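Assembling the complex is the task here: the two chains are given apart, and the hints tell you how they should meet.
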Amino acid sequence: MNRFRAFFWSLLLLMAQPLYADPPAGYPFVHYDEGLKRAAASGRPIFLYFGRYGCGYCGKVNAETFSSPKVREVYTRHYELVYLDAESGRRIRLPSGEWITESELGARLNVFSTPVFLYLQPDGTPIFRAPGYKTVADLLAFDRFIQSGAWRRQTINEFLEQQR
Amino acid sequence: MRWLAVAGGLLFALPVMALEFLPPRLVTEVSASAFLHLDGSGRRLLAVRDGIIAVVWEDSRDGRPAVRAAFATGDGEFGVPQRLSGTVPAFEPAVAPLGKGFVACWEEAARIHCRRIRREGRGPVRILGAAEARQISLAAAPDGTVAAVWAERAGRHYRIVSARLVVDGDGLRQRGRQIVDATAGGADQLYPAVTVTRHGTVVAWEDRRQGATRIFTAFAPPGAAFGRWSLLNDFRPSRIRRFGNGTGAMRPALAGDDAGRVSVVWLDKRDFEGGYDVYAALSPDGGRHFGHDELVQDPLGENTPQWHPAVAMTPAGHIVAAWDDSREGTSDVWYSERGTDGWSDDETPPGGEGAARQTHPALACDGDGSLFLLWREEAGDRIRLWLSRGRVRDGP
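As they're listed, the protein sequences go chains G and W.
Counting in the numbering used here, the first sequence runs from 2 upward without gaps.
Counting in the numbering used here, the second sequence runs from 8 upward without gaps.
Chain W with its partners taken away, still in its complex shape (with noise of 0.2 angstroms):
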């Protein structure tokens, strides 16, 4: 019955919206010799921060994988892309906003690289810990620090661990190191997204202890360590149960709002005649506690599977999904809105369909209200990375 209130108590205080994407704008661009890739734990690909807009990725334009950001203001147009790592190859960037500029941090050597970025220059690279270590996701936090969670090996399996990164001079600083939940025991956990609100910090991550992959929740109130672990996902046992634990569920991202209100999207099998689909879950008190799952693809996209899930909050509160998949014969980017209804129906952006193929979109949105959505276009022999702004208006 808590869980009937909590998630009604949400429901009725979400706004309606109505969401428009502007033509997009070129990120970047490799020529198809190269490669491009935009992955990395919970989808913080990009991020704002007084009106400037901070992309991070990783392509081989130059031989091996290297991360690299550009920067653009407002709506003009994306600088050259900074190399952020080392000569090594390097994978699954983060960014977030951090001081007068950003934060990202990546995998580089098996170890987590992160430095302070500004389209004037970077900062000194810091190592997060001397583990073995992948999976890096962050999240602004409203006291100015950087919440981080990464995948860190411990023994045979992995861990998630989280921290705060703080400005240091022109570098950083890693406090409050802690793991995030010690009791998988033997069972690996991994691909950690977080986010902050006033209520405190939530993680939500894989975790493979219970034979099947599953989506756990941590929560920490401000400045407090973080409490028991919650299965997030509802989850289907195996038609078969000898010789497997259920459908499986992967690679949560989340994102939170002024109000503390929070919001996590996952891949998830449970249908899974239809492959994986997206899944949400809402949260009322900065993830303490969430309401039931709620499927976010509308019908036409039952039948395809769903790849690369992201979302973000409006400081209001509005809610947006965004994934790719193909209903349409080639992967498309989609988007849904969280509407007093439920979940919209899908839409894509312009510039997100068509015969090329529009993939692995990521979110964010500044403290205006307004939202931006990037995604990788693969288009003969040409891949670019795309960014179109959009805006959220209340009312029908």
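Only chain G is shown next, with the shape it has when bound in the complex (with noise of 0.2 angstroms):
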């Protein structure tokens, strides 16, 4: 019986883990032409998540860094957000008119290991990129970034530098 009531509690513990990842939870991630859509109309710049279902460091960097109330003030506050599974085949259409899938975006930025975030401008055009799993500071850093306007005039790496 014993037996059987560990057995019951294991598997209910393993049920309750995430078993894949999506977008992090309390935050309002849109399908990429919903976000592109919303970014013309606010003028605020799209900050994108490519994700990968199964992925161990997206569900790290979900449990860890988008937890945060301060990462979710932050970036729910100047982002339209957009979530991509990067072995997706649904279709988005890119701000030139052309649809392709979302994988095929992935093919085409070389998003070889997950996560990845990308920084875009309200119009589509990229504007960095960050792979790879971040933390809390990380992510404050790079809104600094966006928002300061420093990207127009140097690249991260020089704006981290500048900040330490």
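Derived by calculation from the structure, the hints in this document are not laboratory data.
As the structure is a computational prediction, the values presented were derived from the model and not from experiment.
Be aware that a few hints might be false.
To be verified - Below, a sample of chain W positions facing chain G; criterion: calculated Cβ distance under 7 angstroms:
#, residue
1, P72
2, A219
3, T220
4, N252
5, G255
In this text, a Cβ means the ideal position worked out from N, Cα and C, and glycines have one as well.
Here you go:
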């Protein structure tokens, strides 16, 4: 009986854990097309999160970084949030009018390891990309880089060096 | 031990090859103000029947994405493209030999549309099923029919459906529709590929039931239902399993030969630092069983992600895989042959490399053992499709 109970609780525990990576909870991430439409209307830059189904580091960054109330407050206020699955066949429409799949956009942008975060101008023009796991401090520094307009005159590495 | 025996038996049966591709010929081109894509589940984008080559693709030369086909005889020039799809955007076509011509299928208005095509004209469109569907792939079967597989929505998720397409007057008839695997439950099954040999039909697809995208296969003997699924790819569990279920695999492609051997290739991220690699597995019995996973690309491609894998087998069993990667700075088309000692060093076909972006290869072979390699080139203000014919010769 005890063995059955242990198995039951183990099963429940397993089911309670995230089985795959999705956009972090509590953020208004939308489809690419909708995000571009919203950015065109709001004039806000786009924060594009390239994840992958089953991606461990996406789950880790969701749990450890996007859980920060400060990150949530800043990113929800400053960006149109877009989530893409690097293996998905879901179709998106680029600012040029071209229809391609989310995975095809990943191939063009050389997104071969997830997560990858891209910051885009409201018209979809890339500003810079930040691949891999990021901390709360990283995401807040990237936000300062974008919101201050520093990206127009220096690289992210120059900006971060200056901030030290 | 059984797997060792299977793989070993196949290894010894593979002949030594020397493959040469001829300079390519133009299939079609559009200006860069239009878009042209060479995408489709299983990458069945060209087919050869009785010396006639049929190529299908999607482009927006008249303003919105439409599926088109072009034909060539032997080594002749390709004719004017025919529009196959209707007035709404259409995507991701596939083509296979059928009857005295071909059958082409594609996604249009979230349904699978098919029609017979020949240089002389097109048959009526047949829509496969009433449910939302996408990602059609095709394969000619030894009995003269064409096997079709696609992803069809059932509730919140997609599942893989299989049917046979047969000639019906000028049109098509669908028969033997079945769900390939009904056990996925609350998970998507996507991007199927299919091949048919004298042993039966094998389908490979992306399956998400295990919390990461993995490649599953199922086999059906002639005239019978599909058996239980098998997991094809080895996978590496996430180093931080609490947060994810491991590295992904995607986009399987299949081919078979006259002896009933089957090869499958797919993209695999088990060594994720270098992005996706091309992996392959071989089956001596039509896809009922597969041997161990094999890395296809050579060490020079190790640190570069590979994309868009395709595979073909000649009737005699020569296996060629193709893909694109940017190991030399810009995207080029690469191929490798499977010989007795494993996969060969990677090569590029004439015209498949250079400053332009050469991507999205697709492969097919004819009954005489000729191989055909198709790819997309983006150069300046033009997007072109090129086709190169290759010939396999026995011997060192």
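Please list, smallest to largest, the hint numbers that this structure does not respect. none
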